[in-house]
Amino acid sequence: MLKKITAFIPIFLGTVVIGVSQETKIYTHDKREYQDALALYHNEQYQAAQTIFSKIKENTDDLEVKANSAYYEANAAVRLNQLGADRLMEDFVAKYPTSTKRNSAYVDVAEYYFETGKYPYALKWYNKVDQSALSRQEMDKFNFNYGYSLFTSGKHKEAERYLQKVENSPVYGSQAKYYQGYIAYQQDDYETANRRFDEIQDPEILEEKMDYYQADMNFKLGKFEQALALAKKQMAKGDRKEKSELSKIIGESYFNLGQYANAIPYLEDYKGKRGKWNNTDYYLLGYSYYKQGDYANAVQQFNKIIDGTNSVSQNAYYHLAECYLKLDKKQEALNAFRNASQMDFSPEIQKDATLNYARLSYEIGNAYEPVPKVISDYLAKYPNDSATEEMQALLVDSYITSKNFEGAMELLEKNRGYASKETYQKVAYYRGVELFMDDQYAAAAESFKKSLDNAENPVFKARANYWKAESEYRLNNFETALADFMAFKQNPSAKSTEEYKDFNYNLAYTYFKLKDYANAITYFSEFTGAGNNDTQKLYDGYLRLGDSYFVTSKYWPAIETYNKALALTGPEKDYAAFQKALSYGFVDRRDTKIAELRSFVSSYPRSTLKDDALFELANTLVSAGQEQQGLQTYDRMINEYRASSLVPQAMMRQGLVHYNANRNEEALSKFKAVVHNFPNTQEAIQAVATAKLIYVDLGRVDEYAAWVKNVDFVEVTDTELDNATFESADKQNLEGKKEAAIRGYEKYIQQFPNGLNAVKANFNLAQLYFAKGDKEKALPHYKFVADKAGSEYAEQALTRVCEIYIGQDDYASALPYLKRLEGQADIQQNRTFAQSNLMKGYYQQKDYGQTLAYADKVLATATIDNRIKSDAHIMIARSAMATGDEAKAKDAYATVLKIATGATAAEALYYDAYFKNKEQDYEASNLSVQRLAKDYSSYKEWGGKGLIIMAKNFYALGDAYQATYILDSVVSNFGQFPEVVTEAKGELSIIKAKEAQSNSSVRTDGN
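Per UniProt numbering, the sequence shown starts with residue 1, numbered consecutively.
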């Protein structure tokens, strides 16, 4: 039962007349001055009278006149409110203890303070009065005044004792009963209050107050019909200062009688305490609207209930949630159900709210906590509920809809009865896809196998076969991949899948990797002949088909196929043109080959294959007898591509040309340059061996011995041991004995740190460590290889060094290697990798100019997937935000949103909400936050930041409840993100300060 608590505004008594006894006849005409002062005093001319009394007191010898003058002087000081007035009166009492005015002095001062409403001062002087010296009439007046002074000072128990003494007084009785009744009313003792009020006879007091208090007491006693009658009677008396309180009594009485339509106008007319409503007031009006089916107005009242922590609040939040559902505002309903479910005043409401909270979390997502946890908590709390089966099904689906397939698999592994075999098949499949996208191919293959082992749905079986094949392919398990691809092909449902359009392409690649070029040709031919619309993939298919012909020495079909690739529109035709030129060399069209290579060099000046083309052109010119042009072409390649791995080969070829032409000194110069500039390479080893032949032919063996002593990688006496040690380790590696190979390579490097096979040994050792996940041990060996210019393994090693540093989030160490990789990479994919991570590294170092420059480089590359594109756009967006260019950031985030997945998509969705909030498109901003909560719930920091945006949106839309509840929830649930919590607290304090101006229930103290 809801009860109205009404503050009491006491009736102050009318002026109490304090009589002044007439002066006795002891004063004669000789005391004219005294009589004048007395007349002035009685005419309230206190200042003038005080001056004369002070003079008389000092000059007279008459003790009675002296005492009386001191009395009136002190009394005048009291009435003039002078400092020290109390002291003057106390001095009078002390100096004239036998004065007849001693007791009346206390009474006079007390009654003066009583008259002027200074009841604490009155009490001080009443406490000094000798009550035994008072007459009966004076005693009644003393008891009432003293009791009333105690009453106004809040000392109700003591007040009652004195008021009871005059309750039968004809003068003070009605007022004494009134105040005794009010004291009982204040103490919720309504029976005593009613009895006291019923005893009052004074019509003025009855007219003034009784209807109001009796209406209020009847209301509090649950006598709503009587309360209505009395309150309406009082209301009819006109413009009453209790009108607001009477409206509340009438409104709440109608409410408790279930007459909600009648209650509404009265509840609305209530003005609140000191101009403020509280949460109960908002609830009563909101519930009245709710019962009338006016859900919009109900929401307007319920959503003002902030900081509610009682049964009324739980009830309000539950009904608020129902209203939101009626208005199709599911996010708002979710928050309100969640709030109601967190209170236990009504177990029935709590249970129903928890159920609805779980259902809505499943339907629209939940940014506070994972949806599966919400449903699991319900199942744990209400295990035998009628909704258990429904919740179990939703629990499995919630993992799927929130894309938490890892959690779904864990759940189903423990509770297989929660879902059908087909559901398990699908969950295992989606978990496999998730692992595949995270490059965890071994785990992906295992998950796809679980899906296949529980195959019920033929479409998902086909897709699992396909992606298991892709996983095995990435693991270089090409035989297994082939078996899975063939299983996909044999499934009748395969043709209905999205994967089928790329099947021939992937199957052909698998045969290509297995070096089964005949089948590769078959399936690449099928793929390229099927009219594929993906130009880039079609181009790649022609390249691999051409390569398959090339490898199997079918050069004319290869040339024809490379021409088909070149006929397609699009970038990066250089590889096809280069391979086509090489093919002409194998069909004895050397002049055509030379012409094609020269055309290549001029047509593709920025190609990563230009150094290869120059090298091949030089070789061909030399073999065609155009020796001088060949040497010049070698020089051009060496000068333009100093970092190319072909430079030592070109220099070696130049040396051999000179050697074959008997230009021994020129040959020695080239060989020595190879040894000096490219130690430890196979070319350097060959250069030493060929130089030795020249020195022997020239009879200058001593000169050779002297030179070779300074070549640290050549240990003439240990050559056989060097090779034997390396070959031993290499043999273990080739046989798949990885641990033995690691020990062998380590031993070789320890014995021959700069040996003939040092580069290959370090590279192989690094690869073995990397494959077993020991990247720390792999790193120094990759760095050794990467630092050896001209090695055939240099680019791959350099890529791995960058990859390891990036994996450690050590961009400071990675940046110089990334720069080298960008400049040296022959493979476009590696160059893109370098540029993409240079972009990220510069962003981490807050070099936003370089970040944007590299983002543009990445986006200028045609053959990049959406993941790399979204990374580039996100870097542009973040850099723009960091430099205050929000317009550019908005465009970049909008692009990201179209192509991104995972954390990047979550970030883009947050900023989509952020920009819409700034544009005051609050409803659309909330939809973005809801999508963030539903589709990307695992990215909790973005979820928390999104909730703050949502809170701002709701407050701007006039929904203070949603705003404060959301912010309170962020503070409670996102403690692992201190910056998010700090921002939420700041917003919460601003909103609560504003709401506290109209709602007395709102706490602004942070509690």
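Derived by calculation from the structure, the hints in this document are not laboratory data.
Some hints could be false.
[To be verified] Quick list of simulated restraints, FRET-style, between CB atoms: (1) Ala567 <-> Glu983: 53 to 59 Å; (2) Glu446 <-> Asp534: 29 to 35 Å; (3) Arg161 <-> Lys273: 47 to 53 Å; (4) Pro816 <-> Val971: 41 to 47 Å; (5) Arg474 <-> Asp847: 47 to 53 Å.
[Stated by the list, open to error] Within a straight-line C-alpha distance of at most 27 Å, the following computed DSS-like cross-link-like pairs (lysine-lysine) qualify: (6) Lys775 <-> Lys329; (7) Lys165 <-> Lys233; (8) Lys66 <-> Lys101; (9) Lys940 <-> Lys414; (10) Lys55 <-> Lys101; (11) Lys449 <-> Lys489.
For each residue, glycine too, the CB sits at the ideal point set by N, CA and C.
Going through the hints against the structure:
Taken as a hint, the range 53 to 59 Å holds for the pair Ala567 and Glu983, whose Cβ atoms sit roughly 58 Å apart. Take Glu446 and Asp534: their Cβ atoms lie about 30 Å apart, and the range 29 to 35 Å holds. Between Arg161 and Lys273 the Cβ separation comes to about 31 Å, which falls outside the hinted range of 47 to 53 Å. The hint said 41 to 47 Å for the Cβ distance between Pro816 and Val971, and at roughly 44 Å that hint holds.
At about 34 Å, the beta-carbon gap between Arg474 and Asp847 misses the expected band of 47 to 53 Å. Among the hinted pairs, Lys775 with Lys329 is inconsistent with the structure: their alpha-carbon atoms are about 52 Å apart, more than 27 Å. At most 27 Å may separate the alpha-carbon atoms for a hinted pair to count; Lys165 and Lys233 exceed this at roughly 33 Å. With a C-alpha separation of about 12 Å, the suggested pairing of Lys66 with Lys101 holds against the 27 Å cut-off.
The suggested pairing of Lys940 with Lys414 holds, with an alpha-carbon distance near 26 Å, which does not exceed 27 Å. Distance restraint check for Lys55 and Lys101: the Cα-Cα separation of roughly 20 Å lies within the 27 Å cut-off, and the hinted pair is therefore satisfied. Annotation: proposed proximity of Lys449 to Lys489 holds, straight-line Cα distance about 17 Å (limit 27 Å).
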